[in-house]
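Under this note's numbering, think of the first position of the sequence shown as 2, with each following residue one higher.
Among the hints, erroneous ones may be present.
Said to hold, decoys possible - No more than 25 Å apart at the CA atoms, straight line, and that leaves these computed lysine-lysine pairs for BS3-like: (1) K55 / K168; (2) K93 / K24; (3) K24 / K120; (4) K290 / K45; (5) K93 / K120; (6) K290 / K24; (7) K290 / K93; (8) K120 / K290.
What the hints assert, rightly or not - Estimated spans, in silico, between C-beta atoms of each pair: (9) N166 / S245: 35 to 41 Å; (10) M280 / N236: 29 to 35 Å; (11) D94 / T173: 54 to 60 Å.
Keep in mind the hints are simulated off the structure, nothing from the lab.
Since this is a predicted model, take the numbers as computed values, not measurements.
Built from N, CA and C at the ideal position, the CB exists for glycine as well.
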Amino acid sequence: MPLTNPTAGDVHVNVPLTNYAQKYLQNADNFIAGRAFPNATVAKQSDKYYVFDKGDFYRDEAAIRADGTESVGSGFNLSTDTYFADVRAFHKDVTDRQRANQDAAVQLDNSATQYVMHKLLISRERVFATEAFGTSIWGTDFNVNSSGAALWNAANSTPIEEIRNGKRTVHTNTGFNPNKAIIGRGTYDALLDNDDILGRINGGATTALPAMVQRQRLAEILELDEILVMNGVYNSAVEGATDSMSLIGNDGMLLYYAPSTLGLNEPTAGAQFSWTGYMGATQNGMRIKRFRMDHLESDRIEGDMAFDFKVTGADLGYFFSNTLSA
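Please put together the full structure from these sequences, using the hints given.
Here it is, written out as structure tokens:
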């Protein structure tokens, strides 16, 4: 009998680790939809809100008043617009047999909750990208590729000049300077590598600053209060097919004005109407619940969210498209 008996394989039976498992769960910070527009918590799924006519407020109509005469006067027009908070939902069932037979590292109930939440975050981000991050949505579209300007990942590009022009355009049309930007990941990377911007961030050297510091410096250069970068990714392939991974937002930049909170006397480019009147919903219109499915011998973990991303002031937004070379 060999002196090496028993072998290493004989004295150990492989079992799953209890302190490590590989799970692809994106950081919630990758998703910007919930932070893009100020949130309006609403009691009903649909309703109206008032819109004061901008032109009436900005018209110069005051005049010299002669002695013994009336002052000039006028009125302003008032209209309404609507929102409708669609309910989006997703669930994952955990069977009694699965729960009884699971290894410790699987943590089925916790994993199912994370799975459902992740699906909802991806869905909300893609809805936002469709509703607000694209062309033919905002007051002004600027196609960098067809404008004659250099693409922003080209050596001779001038994105600062073009962004300032965008800010000036919005201000001229509304009286409000854009204070925020949402930038696709590819466009954001191109801006950080742009010679003009790089020189202003750190004197022209290759940057080694932490990501958050770089973003803050870029916001300072562009005179913005906040920059949000679309880092969310999703798989467009159906189950069983080869994964097809892509960024939800890669090429483009939305420059816009939005206050931190909604009010009666200040406009906003967009608003997130969150139906908190929906039973158990949180401030962003989201809820998670667990309930018994006896006929399946399972517990269902279900999440839903009720919201409407509404462009309320298209003239307060300026969208840059086709900023990158293929």
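Now the hints, each set against the structure:
1. About 18 Å separates the Cα atoms of K55 and K168, which keeps this hinted pair within 25 Å; it holds.
2. Distance hint between K93 and K24 is fulfilled; the C-alpha atoms sit about 16 Å from each other, no more than 25 Å.
3. Between K24 and K120, the direct Cα distance comes to roughly 14 Å. Compliance with the 25 Å bound is thereby established for this hinted pair.
4. Between K290 and K45, the direct Cα distance comes to roughly 21 Å. Compliance with the 25 Å bound is thereby established for this hinted pair.
5. For a cut-off of 25 Å, the pair hint linking K93 to K120 stands: about 11 Å separates their Cα positions.
6. This hinted pair checks out: K290 and K24 have alpha carbons roughly 22 Å apart, not beyond 25 Å.
7. Distance hint between K290 and K93 is fulfilled; the C-alpha atoms sit about 11 Å from each other, no more than 25 Å.
8. At roughly 15 Å between alpha-carbon atoms, K120 and K290 fall within 25 Å of each other, so this suggested pair holds.
9. Separation of N166 from S245 is about 37 Å and conforms to the stated range, judged on CB atoms against 35 to 41 Å.
10. Look at M280 against N236: about 31 Å separates their beta carbons, and that is inside 29 to 35 Å.
11. Taken as a hint, the range 54 to 60 Å holds for the pair D94 and T173, whose Cβ atoms sit roughly 55 Å apart.
In summary, the structure agrees with every hint in the numbered list given earlier.
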